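Protein chains: 2
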Amino acid sequence: MRISTLSIGDELICGQLIDTNAGTIASRLLLEGLRIQRHLTVGDNEPDIIGALSDLGRISDTIIVTGGLGPTADDLTSRAAARATGRRLVINEEARGHVRQMSGKLDNLIVCPLSDKQAMIPTKSVLIPNPSGTACGFHLMHNGCFMFFMPGVPSEMTIMLRDTVIPFILERVPHKRVIRTVSLNLFGPCEAEVDELLSGIARAELGLTLGICVNFPWMKVTLRAEADNDDAVTDLLVPAVSTVRDRLKEYCFSSGDLSMDDTVAELFRDKCLTLSLAESCSGGLIAKRITDIPGSSGYFSEGVVTYSNEAKTRLLGVPADLLNSCGAVSSECASAMAKGARAASGSDLGLAVTGIAGPDGGSEEKPVGTVFISLAAADGCWTKRFQFNGNRDEVRAMTAWTALDWLRRYLLKRE
Amino acid sequence: MRISTLSIGDELICGQLIDTNAGTIASRLLLEGLRIQRHLTVGDNEPDIIGALSDLGRISDTIIVTGGLGPTADDLTSRAAARATGRRLVINEEARGHVRQMSGKLDNLIVCPLSDKQAMIPTKSVLIPNPSGTACGFHLMHNGCFMFFMPGVPSEMTIMLRDTVIPFILERVPHKRVIRTVSLNLFGPCEAEVDELLSGIARAELGLTLGICVNFPWMKVTLRAEADNDDAVTDLLVPAVSTVRDRLKEYCFSSGDLSMDDTVAELFRDKCLTLSLAESCSGGLIAKRITDIPGSSGYFSEGVVTYSNEAKTRLLGVPADLLNSCGAVSSECASAMAKGARAASGSDLGLAVTGIAGPDGGSEEKPVGTVFISLAAADGCWTKRFQFNGNRDEVRAMTAWTALDWLRRYLLKRE
Numbered sequence: 001m002r003i004s005t006l007s008i009g010d011e012l013i014c015g016q017l018i019d020t021n022a023g024t025i026a027s028r029l030l031l032e033g034l035r036i037q038r039h040l041t042v043g044d045n046e047p048d049i050i051g052a053l054s055d056l057g058r059i060s061d062t063i064i065v066t067g068g069l070g071p072t073a074d075d076l077t078s079r080a081a082a083r084a085t086g087r088r089l090v091i092n093e094e095a096r097g098h099v100r101q102m103s104g105k106l107d108n109l110i111v112c113p114l115s116d117k118q119a120m121i122p123t124k125s126v127l128i129p130n131p132s133g134t135a136c137g138f139h140l141m142h143n144g145c146f147m148f149f150m151p152g153v154p155s156e157m158t159i160m161l162r163d164t165v166i167p168f169i170l171e172r173v174p175h176k177r178v179i180r181t182v183s184l185n186l187f188g189p190c191e192a193e194v195d196e197l198l199s200g201i202a203r204a205e206l207g208l209t210l211g212i213c214v215n216f217p218w219m220k221v222t223l224r225a226e227a228d229n230d231d232a233v234t235d236l237l238v239p240a241v242s243t244v245r246d247r248l249k250e251y252c253f254s255s256g257d258l259s260m261d262d263t264v265a266e267l268f269r270d271k272c273l274t275l276s277l278a279e280s281c282s283g284g285l286i287a288k289r290i291t292d293i294p295g296s297s298g299y300f301s302e303g304v305v306t307y308s309n310e311a312k313t314r315l316l317g318v319p320a321d322l323l324n325s326c327g328a329v330s331s332e333c334a335s336a337m338a339k340g341a342r343a344a345s346g347s348d349l350g351l352a353v354t355g356i357a358g359p360d361g362g363s364e365e366k367p368v369g370t371v372f373i374s375l376a377a378a379d380g381c382w383t384k385r386f387q388f389n390g391n392r393d394e395v396r397a398m399t400a401w402t403a404l405d406w407l408r409r410y411l412l413k414r415e
Numbered sequence: 416m417r418i419s420t421l422s423i424g425d426e427l428i429c430g431q432l433i434d435t436n437a438g439t440i441a442s443r444l445l446l447e448g449l450r451i452q453r454h455l456t457v458g459d460n461e462p463d464i465i466g467a468l469s470d471l472g473r474i475s476d477t478i479i480v481t482g483g484l485g486p487t488a489d490d491l492t493s494r495a496a497a498r499a500t501g502r503r504l505v506i507n508e509e510a511r512g513h514v515r516q517m518s519g520k521l522d523n524l525i526v527c528p529l530s531d532k533q534a535m536i537p538t539k540s541v542l543i544p545n546p547s548g549t550a551c552g553f554h555l556m557h558n559g560c561f562m563f564f565m566p567g568v569p570s571e572m573t574i575m576l577r578d579t580v581i582p583f584i585l586e587r588v589p590h591k592r593v594i595r596t597v598s599l600n601l602f603g604p605c606e607a608e609v610d611e612l613l614s615g616i617a618r619a620e621l622g623l624t625l626g627i628c629v630n631f632p633w634m635k636v637t638l639r640a641e642a643d644n645d646d647a648v649t650d651l652l653v654p655a656v657s658t659v660r661d662r663l664k665e666y667c668f669s670s671g672d673l674s675m676d677d678t679v680a681e682l683f684r685d686k687c688l689t690l691s692l693a694e695s696c697s698g699g700l701i702a703k704r705i706t707d708i709p710g711s712s713g714y715f716s717e718g719v720v721t722y723s724n725e726a727k728t729r730l731l732g733v734p735a736d737l738l739n740s741c742g743a744v745s746s747e748c749a750s751a752m753a754k755g756a757r758a759a760s761g762s763d764l765g766l767a768v769t770g771i772a773g774p775d776g777g778s779e780e781k782p783v784g785t786v787f788i789s790l791a792a793a794d795g796c797w798t799k800r801f802q803f804n805g806n807r808d809e810v811r812a813m814t815a816w817t818a819l820d821w822l823r824r825y826l827l828k829r830e
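Listed in order, the protein sequences are those of chains A and B. Each residue of the first sequence is one higher than the one before, starting from 1 at the first, in our numbering. Each residue of the second sequence is one higher than the one before, starting from 416 at the first, in our numbering.
Hint data in this document are derived by calculation from the structure and do not stem from the laboratory. Errors might be hidden in some of the hints.
Below, simulated DSS-like cross-link-like pairs (lysine-lysine); rule was C-alpha separation at most 30 Å, straight line [claimed, not checked]:
| id | chain 1 | residue 1 | chain 2 | residue 2 |
| --- | --- | --- | --- | --- |
| 1 | A | Lys220 | B | Lys532 |
| 2 | B | Lys532 | A | Lys249 |
| 3 | A | Lys366 | A | Lys384 |
| 4 | B | Lys754 | A | Lys339 |
For clarity, every value in this text was computed on a predicted model and none was experimentally measured.
In isolation and in its complexed conformation, chain A is listed as follows (with noise of 0.2 Å):
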């Protein structure tokens, strides 16, 4: 089965809004193990959509259109799709009667002359119901091509595409070949050394396949099986999920939709221990992503974000000498934030950084970049110093990254 999708949309052409139905339909019908070939997007032009029609109609036997159905002049969807396919355009009565329903719904509107406008369908199309829109959606066939005309809103979208447009193709695929996912995350590697780690794990001709998708600065690693039933999807899955685990270890740090934030925030649960934190360069973002997550007032208790020296020396008892001796971004500094801030609050852990996350004030010694992470707990306080690349969000966001990722790996090892 060869499908297409096809946005049509000025403001998506233009870049106003980002298109989103096209990756819900392809990860709808993934899900299905059914691939999409191409997406296509066109503006809201007749011979842009009727060109677009008829060139993916002829390397399709499938088309999923989304937008261009509403009730204003610029929605052209209906019309270019009659000519696209030789039919007519006409009042089509229950459409009629679907749009007059849903406008007194919808907008407590007198329904004006407009309206009827979303009710024109191609001649020998089948309507596809809308439960929470004006606008119908319809399909039709057309040179051996079936066509799916839906509305672009996505929530309206979303649904008609669950409710009829997937169960109708699924009722056409011959032989329903089972496909599954898993997907991993990890931090750590570059994406060079994720390759050679997992190489050889992929088997196209097996139908088992590995892609890596780089979401600075994680990753996700996503297997996908094929095969004819779900048996031998498993065979192919389970051992090839197993291998990748064994080979990233520690770089795991979940899997499917399970964030880093979500990950900490799950050990510090069941651990049952308390956090506080001492942020200098990363100003507030790793107590941000820590209260982030709903319930985490339940382990963090308090965090300061000290930039002067005069704060580091009050709020978590940093030695005026030390500072002067050390300077704020030196190991001496982090490590006496992390005790402070654990002594000061009483919390099980004390997390500190301090770095020079630029652009300015690095220096020779310590360039842009470096930074101290000092995690103080009852059995030890553990400092290290890290040299990250990047300008100011991308070192701010290493760093907290970072942070959150001892956290894990020491929430990991604890009974």
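Please arrange chain B on chain A, whose structure you already have, making use of the hints.
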């Protein structure tokens, strides 16, 4: 000029990653008066890439391609480009030098054999420099069509687009109309209110259009003027911008790319005042945004994130009695936190927020989204209760935006 874009990547065609490059390219070109005609996406698959280049080549005189130039085995764009245009794929010494130099800089890794793959470029191509990544881009001419190839990493692509691709395209545009845009950023009113405030300003028939783009929780109003020459554009644009500014008044916090955070930073530098923060429900988000800006150490001395009551008392001097009688989410507590932050640090301004970000912790009297913001200064202390809607992330975002907007409005009024 007929321009198309092509995004290449399995993660895009499978819906695992939303493509932002196409939108970036479209909106940057639109600023120059150039429109994208088609945008196509295909997976990391040689026949599909070759088919896409050939189909787009038939209807375009320029194709801008992103993605698939990475070091791993599934990056196939260079090879497909060579095949599609009848070229050989050869090691390009300049590209190889660049890969080696950047690999060392970025990862502190020994150059691994993989990286030579990124130096394989089709013959008769011109390199597009990539100052921030390992993959050089390249461009070539085939059957009267210019094809530009860039890596898919958005930060790298954006620089290459700006520095090489757009200047190259502009040199070849025959009769260029003059187009200029001015955008103003605003926070506070809802879209319908802005729409009403700005009614009647756009004059499409004269070449003056106005667009409102909502980027929760702020908005961008863009005025775009198009005419035959520079003077005519100025005559259209200048009075319109001035009218928009008059009507938006204090809602408008900046113009162009200047963010709210930049604006607040600029005001702090201008007014030579210092700030300390006391955050509860925003959990460090305000400190993070203040310290996102380079040079913030000049006016920001410290912040505390006090989730527990005990920390509010110890770090900010909020009386335990007050916490017992009024609760931590109260006007009284917010004022005490702001005054405490100011007093402890000796800063000119103390800003505090306390509230219920959710999803739990709300009551009938103080539902989720209840937030108190307080600003303490030498000339007084102001505290206000807000009721924000949305989920935890949205309540926290609105809290930080509103707090920063308070700072902005206070600083604007200071001599």
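Here is how each hint holds up against the structure:
1. Lys220(A) <-> Lys532(B): Holds, at about 22 Å.
2. Lys532(B) <-> Lys249(A): Cα-Cα ~27 Å, so holds.
3. Lys366(A) <-> Lys384(A): 14 Å, holds
4. Lys754(B) <-> Lys339(A): Given pair Lys754(B), Lys339(A) holds - Cα atoms ~28 Å apart, limit 30 Å.
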